[in-house]
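Asks: Heads up: the sequence lines are chains A and B, in that order. Position in the first sequence (from 1) plus 39 gives the number in the numbering used here. Position in the second sequence (from 1) plus 7 gives the number in the numbering used here.
Simulated from the structure, these hints should not be mistaken for laboratory data. Hints are supplied without guarantee of correctness; some may be wrong.
To be verified - Mimicking DSS-like on lysine-lysine, the simulated pairs with C-alpha atoms at most 30 Å apart in a straight line are:
1. K41/B <-> K199/B
2. K41/B <-> K217/B
3. K77/A <-> K153/B
4. K217/B <-> K199/B
5. K77/A <-> K41/B
Unchecked claim - Label-pair restraints from in silico Cβ distances:
6. L22/B <-> I165/A: 52 to 60 Å
7. G84/A <-> D36/B: 17 to 25 Å
8. A138/B <-> F167/A: 51 to 59 Å
9. I165/A <-> S67/B: 17 to 25 Å
10. F155/A <-> V207/B: 33 to 41 Å
11. I152/A <-> D206/B: 48 to 56 Å
12. I152/A <-> E208/B: 47 to 55 Å
13. F212/B <-> I152/A: 40 to 48 Å
Quantities reported herein were computed from a predicted structural model and do not represent experimental measurements. Backbone N, C-alpha and C define an ideal beta-carbon position, used for all residues, glycine too.
What follows is each chain in one-letter form.
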Amino acid sequence: MTEAAIHVEGQQSSLHIHAHEAHAPGATQAVGQQHPIKLYLIVWGWLFVLSACSYLVDYFGIHGHLRWSLILLFMILKAGLIVAVFMHMAWERLALAYAILLPPALVLVFVAIMVFESDYTHLLRIVFFAPTA
Amino acid sequence: MAETALTNVGASPALLPGWRGIAADWSSDQRAFKNVSWGKAMMWIFLLSDTFIFSCFLLSYMTARMSTTVPWPNPSEVFALNIGGAHIPLILIAIMTFILISSSGTMAMAVNFGYRRDRIRTAALMLATAAFGATFVGMQAFEWTKLIMEGVRPWGNPWGAPQFGASFFMITGFHGTHVTIGVIFLIAIARKVWRGDFDVERRGFFTSRKGNYEIVEITGLYWHFVDLVWVFIFAFFYLW
Numbered sequence: 040m041t042e043a044a045i046h047v048e049g050q051q052s053s054l055h056i057h058a059h060e061a062h063a064p065g066a067t068q069a070v071g072q073q074h075p076i077k078l079y080l081i082v083w084g085w086l087f088v089l090s091a092c093s094y095l096v097d098y099f100g101i102h103g104h105l106r107w108s109l110i111l112l113f114m115i116l117k118a119g120l121i122v123a124v125f126m127h128m129a130w131e132r133l134a135l136a137y138a139i140l141l142p143p144a145l146v147l148v149f150v151a152i153m154v155f156e157s158d159y160t161h162l163l164r165i166v167f168f169a170p171t172a
Numbered sequence: 008m009a010e011t012a013l014t015n016v017g018a019s020p021a022l023l024p025g026w027r028g029i030a031a032d033w034s035s036d037q038r039a040f041k042n043v044s045w046g047k048a049m050m051w052i053f054l055l056s057d058t059f060i061f062s063c064f065l066l067s068y069m070t071a072r073m074s075t076t077v078p079w080p081n082p083s084e085v086f087a088l089n090i091g092g093a094h095i096p097l098i099l100i101a102i103m104t105f106i107l108i109s110s111s112g113t114m115a116m117a118v119n120f121g122y123r124r125d126r127i128r129t130a131a132l133m134l135a136t137a138a139f140g141a142t143f144v145g146m147q148a149f150e151w152t153k154l155i156m157e158g159v160r161p162w163g164n165p166w167g168a169p170q171f172g173a174s175f176f177m178i179t180g181f182h183g184t185h186v187t188i189g190v191i192f193l194i195a196i197a198r199k200v201w202r203g204d205f206d207v208e209r210r211g212f213f214t215s216r217k218g219n220y221e222i223v224e225i226t227g228l229y230w231h232f233v234d235l236v237w238v239f240i241f242a243f244f245y246l247w
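Excised from the complex, chain B in its bound form (with noise of 0.2 Å):
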């Protein structure tokens, strides 16, 4: 029964619209967010401690960008490709966001088939995203090994400033492994969702609670902030 009262977001109480709303449900008692379920709440508080992090890693690499005497090296050069014998400038990051992007759609749709009970859909939904996810690991990893092989290193590289490495190798590494532990986690629900674990209330081997879809919206919140990152990414770092 205790589980309900925390997971049950349907019954809350009179809620006020506006500024007396955001005061009265910050002083009221026991919950503060009233219609978020405590899953929730707690995936968006640990994105917002992750988006702290990536902002120390996007600070540190405009501090590091600005304080330099040395030109910094041309990303829209470094990170361009021969393709038919054509010089594209930024080529595979391009396709890169656009990739995530897609995996962004894609997830939001599942989210919206969980939530109609639409199991099929939502759990192949939820595993395009995951290969579009790991399709984005497998080009940065293709980056990666281009730029190694071309002379860059955490201490320098062949065309300027020596904290160009650093910068990359921590800010898309970083990137990356969120990634990878999305596409991790969307397989792990999307396993959940097909054998229907959520249809009929079966219990978390770890937690004993029974789950219901929105644990889709959950994994959903945690793509979409990888999405979101990347978007500050692409323009502070390949673009600016």
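Same shape as in the complex, but just chain A (with noise of 0.2 Å):
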């Protein structure tokens, strides 16, 4: 009884691929996440100039502000294509999304309570125990 109903569902969920292939080019709610390698090889071309662009700016040794917002861009660019293309959140339904996407952004709060206290921290240590000439 098992084995029959067993053989069944194989049979079923076989059929059932071959007719999610059928449809699934341009099908953005895709079962199986089919999408063109053509895609993959685009963002992987755009992963490797951006990581190229990252490194550049170490290699000229670009500095202050204009080092930091482009370490940031290059950063948050390569992060997004990762997420969005090769983990195809893109793809997924909001509910998903948002559920894994939202909680990271509270980490900022966290960055910016670390910071003042960090700035509290240095300063403590500049005022006490700095080194005496």
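Both chains come to you apart, so use the hints to assemble them.
Replies: Below is the structure:
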């Protein structure tokens, strides 16, 4: 009985997959996340370009605010491409995307707290632990 | 039958778009993630928790670097290499970055071929990904060896703020561990793909559930996450 049920299930799922393959291109809510290989190659190329750019920031010794903003820009673009395309978040339902992508945004609050905290520690160290000249 | 109900993601109820969809999904009965299997949802939730772990490491590094009165060692110089007489800053880290990005590319294509049920190409691409990952770990071992020989310790180093070593070993060590686990995970799943487990729906030895090619995507999620973490480590630790 169980064996028979399994057999039927197996057939159904293979039928299901064939039906899915038939109209896979362009399907946004695709069951099996089927996207053209070309898209991955383009994203791959962009990731190489962006990594090269962020390396060049260091290679040419750009300093100050320009350096930090360029590093952050390339970092965010790379992270966005990886999450959206390679990890398929762009095609997931918003219920999942928001559940996963919103909580890390709260880390920024933590960053803000620690920036204040380390400024304060730094000040105390300068005031009380400065090497006596 | 129960397991098809959990794994079959095709038959979902009418789904609403946008904010209404979010409200409807989250307030609905039994499942919030309507067209996502339990395996994929669990991997995403694990990755979210891992995000917080790496965030805490990078935050503690930021705090150490911002609060120290001693100058921070210049990573551009610390990680420079002499290749053929030329002194190239940060070159090893740049190569490691390109290797990890390449591995993400091969992984993305492995997922694609998996859903096309092309098991030979899927397994080959997964093994290529694992090889890139192993190369990355090897280069990291070289980097660690070089720094330890130069006198970097978790409590001090020859160039400046003593917290440099602790931050470096903690952050890159934890990331390297993730890469190593990923390589093992990739090889294990590639073996199953190669053997055709997901074509004949062979049952797993531990869970005795029938596997399918979605596990390739789930492995891929983990692998891309490792690459994603490296993007942040590269920006904040090596370039900043």
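Asks: So, for every hint listed, does it hold in this structure?
Replies: Each hint tested on the structure:
no.	hint	verdict
1	K41/B <-> K199/B	holds, 28 Å
2	K41/B <-> K217/B	holds, 21 Å
3	K77/A <-> K153/B	violated, 40 Å
4	K217/B <-> K199/B	holds, 12 Å
5	K77/A <-> K41/B	holds, 29 Å
6	L22/B <-> I165/A: 52 to 60 Å	holds, 58 Å
7	G84/A <-> D36/B: 17 to 25 Å	violated, 44 Å
8	A138/B <-> F167/A: 51 to 59 Å	holds, 53 Å
9	I165/A <-> S67/B: 17 to 25 Å	holds, 21 Å
10	F155/A <-> V207/B: 33 to 41 Å	violated, 59 Å
11	I152/A <-> D206/B: 48 to 56 Å	holds, 52 Å
12	I152/A <-> E208/B: 47 to 55 Å	holds, 50 Å
13	F212/B <-> I152/A: 40 to 48 Å	holds, 47 Å
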